[in-house]
Amino acid sequence: MSRSRHLVIAAGGTGGHMFPAQALAEEVLSRGWRVTLSTDARGARYAGGFPQAVTIRQVTSATPARGGISGKALAPFRIGFGAVTALFRFLLDRPTVVAGFGGEPGVCWAC
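Once you know that position 80 of the sequence shown is 80 in our numbering, the rest is easy, because the numbers rise by one and skip nothing.
Bear in mind the hints are in silico, worked out from the structure with no lab data behind them. Take the hints with a grain of salt, since some may be wrong.
To be verified - The calculated lysine to any residue pairs, modelled on SDA-like cross-linking and capped at a C-alpha distance of 25 Å, are:
hint, residue 1, residue 2
1, K72, R34
2, K72, T55
3, K72, R5
4, K72, A62
5, K72, L87
6, K72, T36
7, K72, R42
8, K72, V84
9, K72, T96
10, K72, Q58
11, K72, V54
12, K72, G102
13, K72, A53
What the hints assert, rightly or not - For each label pair, taking beta carbons as the anchor points, the in silico distance ranges come out as:
hint, residue 1, residue 2, range
14, T96, R66, 26 to 36 Å
15, R66, G32, 11 to 21 Å
16, F19, T96, 29 to 39 Å
17, D93, G49, 32 to 42 Å
18, R5, L87, 17 to 27 Å
19, R45, A73, 34 to 44 Å
20, F77, P51, 14 to 24 Å
The model shown is predicted, which means the values in this text are computed figures rather than measured ones. Using N, Cα and C, we set each Cβ at its ideal position, and we do this for glycine too.
Based on the provided sequences and hints, a complete structural model is requested.
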């Protein structure tokens with residue numbers, strides 16, 4: 001684990017969340033920071049444009065607005081699992097700053 005300045009960007013879901021996150025990642029990398037992107041599977045679809053120096057970590061996430069009865073029932077558990085995973089990663093590799101850009105993965109870092 002490095003003691004360099006470390007930014008974790010929590011974003012997911014749509015390009016509207018991911019493209020501004022990418023711009024921040026590029027700027028912060030140019031200033032010598034380490035950058036980690038925390039996103040869900042939907043957000044990962046937009047992560048291809050991020051610089052290779054960005055570590056991309058997927059978290060389990062869900063929305064209670066989709067998926068029928070079973071999807072709605074499982075959403076809190078999926079979000080809870082994602083929050084626990086994010087907390088574990090946070091404790092292992094403490095960031096200097098966490099920036100949230102929206103989407104359910106942003107909730108996991110706010111816990």
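**OP:** List, from low to high, the hint numbers that the structure doesn't satisfy.
**Re:** 1, 2, 3, 6, 9, 11, 13, 15, 16, 17, 19, 20
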